[in-house]
Amino acid sequence: MATIKDELTTAEAWMKAGKEVAIATVVETWGSAPRPTGSHLVIDEAGNFEGSVSGGCVEGAVIAEAIEVISCGEPKMLEFGVADESAWEVGLSCGGNIRVYVERIG
Amino acid sequence: MDPLTLKKLNQHRADRRAALVVTNLGDGRDRVIEEGDPVEGDLGEAITKAFLTGKSGLVEIGDSQFFLNAYLPPPRLVVIGAVHISQALAPIAAIAGYDLEVIDPRTAFATPERFEHAQVFAEWPEDVLKTRPLDAYCAVAAVTHDPKIDDAALVAALNAGCFYVGALGSRKTHAKRVARLKQSGLDETQIDQIRAPIGLNIGAATPAEIAVAIMAQIVEAFRNRGVS
Numbered sequence: 082m083a084t085i086k087d088e089l090t091t092a093e094a095w096m097k098a099g100k101e102v103a104i105a106t107v108v109e110t111w112g113s114a115p116r117p118t119g120s121h122l123v124i125d126e127a128g129n130f131e132g133s134v135s136g137g138c139v140e141g142a143v144i145a146e147a148i149e150v151i152s153c154g155e156p157k158m159l160e161f162g163v164a165d166e167s168a169w170e171v172g173l174s175c176g177g178n179i180r181v182y183v184e185r186i187g
Numbered sequence: 403m404d405p406l407t408l409k410k411l412n413q414h415r416a417d418r419r420a421a422l423v424v425t426n427l428g429d430g431r432d433r434v435i436e437e438g439d440p441v442e443g444d445l446g447e448a449i450t451k452a453f454l455t456g457k458s459g460l461v462e463i464g465d466s467q468f469f470l471n472a473y474l475p476p477p478r479l480v481v482i483g484a485v486h487i488s489q490a491l492a493p494i495a496a497i498a499g500y501d502l503e504v505i506d507p508r509t510a511f512a513t514p515e516r517f518e519h520a521q522v523f524a525e526w527p528e529d530v531l532k533t534r535p536l537d538a539y540c541a542v543a544a545v546t547h548d549p550k551i552d553d554a555a556l557v558a559a560l561n562a563g564c565f566y567v568g569a570l571g572s573r574k575t576h577a578k579r580v581a582r583l584k585q586s587g588l589d590e591t592q593i594d595q596i597r598a599p600i601g602l603n604i605g606a607a608t609p610a611e612i613a614v615a616i617m618a619q620i621v622e623a624f625r626n627r628g629v630s
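From first to last, the protein sequence lines stand for chains A and B. Per the working numbering, the first sequence starts with residue 82, numbered consecutively. Per the working numbering, the second sequence starts with residue 403, numbered consecutively.
Calculated directly from the structure, the hints in this document are not laboratory data. Some hints here could point you the wrong way.
Computed list of lysine-lysine pairs in BS3-like fashion (alpha-carbon distance at most 30 angstroms, straight line) [stated by the list, open to error]:
#	chain 1	residue 1	chain 2	residue 2
1	B	Lys410	A	Lys100
2	A	Lys157	B	Lys409
3	B	Lys574	B	Lys550
4	A	Lys100	B	Lys409
5	A	Lys157	B	Lys574
6	A	Lys97	B	Lys550
7	B	Lys409	A	Lys97
8	A	Lys100	A	Lys157
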């Protein structure tokens, strides 16, 4: 069987290499969201990342929050969407809303 | 996330076992559930449903909110016979999200040119399946009409607990097949799993229509795994 290479195996490899890692997961979507519920983005303390939660629209913001989650250790729930004006700059161009749960691994 | 959760999850995925991560969003604790692990109550029901549909989502149980993330192995569709029906099935399976493998030892049939959307193996099924073993997340459709090619694959599929096993042929052909399979040591309950005549009964007449009927039957079997 071919070995799978994706963000979850990357996260495990990063951990084994001694890096601090956070995982972001889409837990809810409304309207047209680019990535389905359950999708992951993994981030290390230096801001390296794999996977996606939105196909590129809000990754920048999620990575910044993830680095904070890595340092403080407390999980965070993030919400993005065009309905939220304060999120305009990092909103989803497709008009959907998503909720993303960000947690540290370990 | 507990590092052990990630490790266990990746192991299940590498072994092509269905797994699910339950995260309590209140306290952040998580655990891995393997398909078939008993979980009681409303949470257990939600987990069973998530395994069947493959859909992840939030559930409220009492005062707590949980996120269930289901990781199902990608279903593999293995077709025995590089025939006209399989040529039509290949693009249909690709659209439906199933990886298709075609196995046929007849080298004139099993050519990559005839199968743009599939992996083709011009070898005997028993040889291919040794290195690419079947599992519960495989569907096997045997469509050569030739017992020399079909039978070994059907036996392997039934023994591996594939979620779908179908075989082309009339009722008469199938009756002979059942007799042969009994001699090869399969019991009746196993043999009864074979969908024959193959495909949902939609009156399919052409090879392409039979392919549609087969694909629909595979989807039905996949979404109703373990539900009778």
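Exercise. So which of those numbered hints doesn't the model satisfy?
Worked result: 5, 6
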